[in-house]
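Residue numbers (this note's numbering), protein chains in the order written: chain S, 582 to 889; chain V, 259 to 629.
Errors might be hidden in some of the hints.
[Unchecked claim] Cut-off 20 Å, straight-line C-alpha distance, at most; resulting in silico cross-link-like pairs (SDA-like, lysine to any residue): (1) V:607 with S:654; (2) V:442 with V:476; (3) V:607 with S:656; (4) V:607 with S:655; (5) V:607 with V:585; (6) V:607 with S:653.
Everything labelled a hint here was simulated from the structure, so no lab data went into it.
These are the residues of each chain, in order.
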Amino acid sequence: VSRTVKHLGASECARRLGSSGGLRLRAAPFVLAVRSRVPAVQAAVHRVYADYPLVDDDAFVDFEVEVQWQRHGLRPWRQLAVFRLDGEEPFNPLPADQAFPLLEWGINWCVYSMCHQYLIVHAAVLERGGRAVLLPAPSGSGKSTLCAALAFSGWRLLSDELALIDPASGQVVPHPRPISLKNASIDVIRTHAPSAKLGSMVADTKKGVVAHFSPPDGSVDDQRPAHPAWVVVPRYVAGASACRLDLERAQGFMTLVENSFNYDVLGARGFEIIAAVVDHCDCFEFEYSSPTEAVAFFNSLSVTGTDK
Amino acid sequence: VSHPAKLRDLLTPTLVAARPPGGLTGREWSLLVRQARAAGLLGRVAELADTDWPPAAQAHAAAARAVTQAQVREIHREVGHLRSALSTLGAPVVLLKGAAYSMLDLPSARGRVFSDIDLLVPRSALSRAESLLSMAGWMTTSHNDYDQRYYRQWAHELPPMEHVHRRTTIDVHHNLLPQTARTKPEAERLFEHLVPVPGHAGVFTLGPADMVLHSMTHLFINDDTSHALRDLSDIDLLLRHFAREDGFWRLLLARAVDLQLTRPCHYALRYTAEVLGTPVPPMVLSAAARYGPPSPVGTVMRWVWKRVLSPPSSTPSHRGGSLARWLLLIRAHWLRMPPGLLFRHLVIKALRLHLRGKGRSAELQTTVREG
Numbered sequence: 582v583s584r585t586v587k588h589l590g591a592s593e594c595a596r597r598l599g600s601s602g603g604l605r606l607r608a609a610p611f612v613l614a615v616r617s618r619v620p621a622v623q624a625a626v627h628r629v630y631a632d633y634p635l636v637d638d639d640a641f642v643d644f645e646v647e648v649q650w651q652r653h654g655l656r657p658w659r660q661l662a663v664f665r666l667d668g669e670e671p672f673n674p675l676p677a678d679q680a681f682p683l684l685e686w687g688i689n690w691c692v693y694s695m696c697h698q699y700l701i702v703h704a705a706v707l708e709r710g711g712r713a714v715l716l717p718a719p720s721g722s723g724k725s726t727l728c729a730a731l732a733f734s735g736w737r738l739l740s741d742e743l744a745l746i747d748p749a750s751g752q753v754v755p756h757p758r759p760i761s762l763k764n765a766s767i768d769v770i771r772t773h774a775p776s777a778k779l780g781s782m783v784a785d786t787k788k789g790v791v792a793h794f795s796p797p798d799g800s801v802d803d804q805r806p807a808h809p810a811w812v813v814v815p816r817y818v819a820g821a822s823a824c825r826l827d828l829e830r831a832q833g834f835m836t837l838v839e840n841s842f843n844y845d846v847l848g849a850r851g852f853e854i855i856a857a858v859v860d861h862c863d864c865f866e867f868e869y870s871s872p873t874e875a876v877a878f879f880n881s882l883s884v885t886g887t888d889k
Numbered sequence: 259v260s261h262p263a264k265l266r267d268l269l270t271p272t273l274v275a276a277r278p279p280g281g282l283t284g285r286e287w288s289l290l291v292r293q294a295r296a297a298g299l300l301g302r303v304a305e306l307a308d309t310d311w312p313p314a315a316q317a318h319a320a321a322a323r324a325v326t327q328a329q330v331r332e333i334h335r336e337v338g339h340l341r342s343a344l345s346t347l348g349a350p351v352v353l354l355k356g357a358a359y360s361m362l363d364l365p366s367a368r369g370r371v372f373s374d375i376d377l378l379v380p381r382s383a384l385s386r387a388e389s390l391l392s393m394a395g396w397m398t399t400s401h402n403d404y405d406q407r408y409y410r411q412w413a414h415e416l417p418p419m420e421h422v423h424r425r426t427t428i429d430v431h432h433n434l435l436p437q438t439a440r441t442k443p444e445a446e447r448l449f450e451h452l453v454p455v456p457g458h459a460g461v462f463t464l465g466p467a468d469m470v471l472h473s474m475t476h477l478f479i480n481d482d483t484s485h486a487l488r489d490l491s492d493i494d495l496l497l498r499h500f501a502r503e504d505g506f507w508r509l510l511l512a513r514a515v516d517l518q519l520t521r522p523c524h525y526a527l528r529y530t531a532e533v534l535g536t537p538v539p540p541m542v543l544s545a546a547a548r549y550g551p552p553s554p555v556g557t558v559m560r561w562v563w564k565r566v567l568s569p570p571s572s573t574p575s576h577r578g579g580s581l582a583r584w585l586l587l588i589r590a591h592w593l594r595m596p597p598g599l600l601f602r603h604l605v606i607k608a609l610r611l612h613l614r615g616k617g618r619s620a621e622l623q624t625t626v627r628e629g
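Modelling step: build the complete structure from the supplied sequences, incorporating the hints.
See the structure below:
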């Protein structure tokens, strides 16, 4: 059994985060070296990444990232949080208390802007019984809420934001990372899954309140890829009962294209990959308001098999 | 205190030998990928044979190749659009830098990443080119009076133009250096040795010697030296390629004199040979040496270039790097503008930077795709 971040203890974890080599962990399929001297980030990393395996000092590191505090250039009494990759700052700094969300957004950026060995879709991915559901949707659609509800009800989390599709096999490669929820959905999930571990919560971001939950037990170190079987466009509608609206395959195809980060980079190959994925999937829209009802719907889906 | 492995420059030896050093540890492989990425050279390193690389490094190489392949498709498509947009210009349309390398399939195109397409047209055709391009959908990106005036009165190019649907950016030049520069080519002379681009009537590139001199000028009279090693690698690959043509070296030195670009030519020959082992004949090096600066300046410049031309990284090996970059920024402005104008320009820039920050926000946004 490999050692994980929680085996380090909070102070050793903080020491490594503050050291020049950083805390080196595997967030499959990548190895990250994370540096931060910000106490709130050190504490959040120790909680949220508790189950992530540590890697040797001599291992290949895909991304060396850091989040630090920095004084505002012209208003030095203001603290800001900056994200760096290899010493470069790809984004504008954010207010100091948003340091941990900034780290998460920064790592996402590393993946979706550079890892073109995969076709990457802005989608949550969960698996049950060997088959995966892709939930492609822009922010605000209820995708993360549905993803969290399923992940804390026995579905395996492959990713809550970034579906990495392997061009050779058409399978989704798991990249489980902390689940990010916003505003009202935070309490919805805490009610639905009281055991979910809340690792970080920050108010007043541009998106409102942002919380990060640890991935459920068993998701972090399961590196088996999964074949997509469903493309589901979720839509949270207050008061609605769970409802499925079938989509044509072509509509499913276009939904994946529209939510893809690098369809244009992969060119004709991107077209072929998405076509192959959609060929093996049921595509539908899904309206819901109750996570319990939604989970029941998806559970019945996973036992009945594809009905087309 | 930093880990010793961090101090090693793995990128330059990889470029010189056209293969990564043997026996690298996992950590050193990731250092090489990082140095290449920061230098804008990951695409070029990814073009090397990678069959014996560790899988993690191969994955980064595959990702970088996807980007450069996408760029080759894009440049061919855009040149087709440009040709039809400018078919009635009645003057040659000359592709510069990355676009030229790519359309002629030169070694310097391999794995090269660039963000915009650079064009050169005769000054007399400039405003006509601008209106033809805007009719085809390329709109000016600058909506600020000072910027417009800066470009039109002092610069050697129009403000960047972006296509409303495809989001590609083109820079239309009428010379290689600003109108205010201390020495610059006479623009008409740049059209003396044009080479047609196969399959695109009316579209050209500069002749070999002029193309190399432009690449040299771009690096050695530039205010942005963040990709200096990549630019040096371009020059290295161009020189190795064209050196196979008879009389190339003599032509290069003669054109450097014709175009008043002897100083950047001297620096480029010296440092490609020193840093990347470019086989520049000794006679050519010593002939170009007479175009170098007087010795006290030469010593300072040597210290500066050596730092700027090592791979960018935040490690202690790079100490002095930021001072070197700052000196080059000052020098580039000094060479490009008379002092009074420079002072005015810097004051206005500083004030505007103060008034509004610019940059990107970190929140995840799916990009809107059009066309």
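Here is how each hint holds up against the structure:
| no. | hint | in the structure |
| --- | --- | --- |
| 1 | V:607 with S:654 | 16 Å, holds |
| 2 | V:442 with V:476 | 12 Å, holds |
| 3 | V:607 with S:656 | 19 Å, holds |
| 4 | V:607 with S:655 | 15 Å, holds |
| 5 | V:607 with V:585 | 18 Å, holds |
| 6 | V:607 with S:653 | 19 Å, holds |
In terms of the numbered hints stated before, the structure departs from none.
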